[in-house]
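Colleague: Single-letter residue listing:
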Amino acid sequence: MLLDVLFWGLGTVAVASAVAVFVVDSMARATYALAVSFVAVGLTLLLMEQGYLGVLVVLMMVMEMAVMGVYMVMFMGMNPALMPMSMVHDKRAALVVSVLAFVVLGAGALLVPWPSRRGLPDPDVTAALGESLMGPQMLTMVVVSPVMVATIVTGVVLAAGRTRYDRFGDDLDVRPPRDPQRGGVGR
Amino acid sequence: MPDTVTAAGPWGALLAGVLLVVLAAAALVAEGVLAARARGGPVGPELTRPLDETLRLLRQRRRAPVSADLLLWRVAGGGLVVVALLMVALVPLGNRVVADLDVGVVWFTALDVLVWALVWLLGWGANAAYSLVGGYRFLALALAYELPLMFALVAPALAASSLDVAEVAAAQDDLWFVVWMPVAFVVFLVGVAAFSVRGPFTSPAGADVAGGVLCELSGVDRLVARAGLACLLVAGSAFAVPMFLGGGAGPVLPGWLWVLLKTAAVLTLLLALRRRLPVVRPELAMEVGWVVLLPAVLMQDLVVAVVVAVRG
Chain A
1 MLLDVLFWGL GTVAVASAVA VFVVDSMARA TYALAVSFVA VGLTLLLMEQ
51 GYLGVLVVLM MVMEMAVMGV YMVMFMGMNP ALMPMSMVHD KRAALVVSVL
101 AFVVLGAGAL LVPWPSRRGL PDPDVTAALG ESLMGPQMLT MVVVSPVMVA
151 TIVTGVVLAA GRTRYDRFGD DLDVRPPRDP QRGGVGR
Chain B
1001 MPDTVTAAGP WGALLAGVLL VVLAAAALVA EGVLAARARG GPVGPELTRP
1051 LDETLRLLRQ RRRAPVSADL LLWRVAGGGL VVVALLMVAL VPLGNRVVAD
1101 LDVGVVWFTA LDVLVWALVW LLGWGANAAY SLVGGYRFLA LALAYELPLM
1151 FALVAPALAA SSLDVAEVAA AQDDLWFVVW MPVAFVVFLV GVAAFSVRGP
1201 FTSPAGADVA GGVLCELSGV DRLVARAGLA CLLVAGSAFA VPMFLGGGAG
1251 PVLPGWLWVL LKTAAVLTLL LALRRRLPVV RPELAMEVGW VVLLPAVLMQ
1301 DLVVAVVVAV RG
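Protein chains in written order, with my numbering: chain A, 1 to 187; chain B, 1001 to 1312.
Honestly, the hints are just simulated from the structure, not real lab data.
These numbers were taken from a predicted model, which means no experiment stands behind them.
Check each hint, because a few of them may be wrong.
To be verified - Computed Cβ-Cβ distance ranges for the label pairs, DEER-style:
(1) A:Glu49 / B:Leu1261: 32 to 38 Å
(2) B:Val1018 / A:Leu120: 39 to 45 Å
(3) B:Leu1071 / A:Gly9: 17 to 23 Å
Don't be surprised by glycine CBs; every beta carbon is placed ideally from N, CA and C.
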């Protein structure tokens, strides 16, 4: 009973704050409405006794929204982020796409013949999750992580306006580097 | 040291809250006294300063700048206290704990990320330039301290093979983690000072930006925000006890008293150090965080992982 109340309460909060994302007129409010929605989803995962996954969703989403709010406010052109502004554009197409997506996903969730449970859940679901994620796929993970790091570094290098020649001079021998801002470790 | 902890119930939760507020007030008194002695002023008025400030701010009329985002602003100020309460809920006091989560360490990390959002919103909500500058300073510092802080918490969890705070404390029966993971301990303390805007990390609320995130706050709003930051300092110090200082382990005295004594010791250390360290500029903190702290704490994690693997 209590679980049902919590589940439906959290579900309502998740949907209502997701709607709020498009209704409010401020970038910060939209961002944090989205964060509230994700936190409600994370807490719903806790109801399923997926402690680690639930807490992780809360952690990642709050962090992501905090960083996103910053970047949106910092990099939006003509500085509208500090002013009240509409959070929707291309309303008709967006409405059609989102209603379609909702109907398809909702119908899928309701119509798929879910299998009934065989056996009991593992006593330590966090360890079981780690085993099933990292056990057989360890090789994949080991390959994927350096590739991801390399992608991030490459992306930053390609996006940065200044190259090492700007920093260290034509012969790469200027020390300390000519940076617009001093680093904190005396370089 | 008992291996298992039992839930403390609603009265225990209330007691934890009261202890948090009392310790926060004590920390503020200590801060005031140290500041008064440093400038050679009278110490007497500092002893009742938190009480006087509370009474003054409760009587003060709340004001807000034009078109401030009142909802987000006030949520942010009040949220800091809530985050601190949720943090101390994880700390076992003797064999009682308010929230016995099997992923308590991750929960703590999620909470300290929540502080990012709250402090930035505190700066944003006021709709004032200095506040916003303060909010952005905090985020710049956060990008510097957060990853080292997270990896610092990996070390004790790894050594205890558990994310449960009580089990991490119980795993230190023979040797406290602070002894063989000093780097992680120091980095954790840096993180605590940073997320409670203390010591070298006061620039988000610095005098050079007229108080930064705190600058437009008045009345009860200012009270809860300042109390929240002080409570965060206490909550972070309290969390260091089960993580690095053996929890309630200690001779003669009962476990709960040891937890309080160790929390007070960590607090004293942080407060004593803050007067000896200069305030760091956010852009300098960034490079220190990523070039010094992060590799250092990763090496610490590696050492711990090797020790755990060798011990089996």
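Colleague: Now, for every hint given, state plainly whether the structure supports it.
Modeller: How the hints compare with the structure:
1. A:Glu49 / B:Leu1261: 32 to 38 Å: holds, 36 Å
2. B:Val1018 / A:Leu120: 39 to 45 Å: holds, 41 Å
3. B:Leu1071 / A:Gly9: 17 to 23 Å: Once the Cβ atoms are compared, 20 Å apart, the range 17 to 23 Å for Gly9 (chain A) and Leu1071 (chain B) holds.
In this structure, every one of the numbered hints holds.
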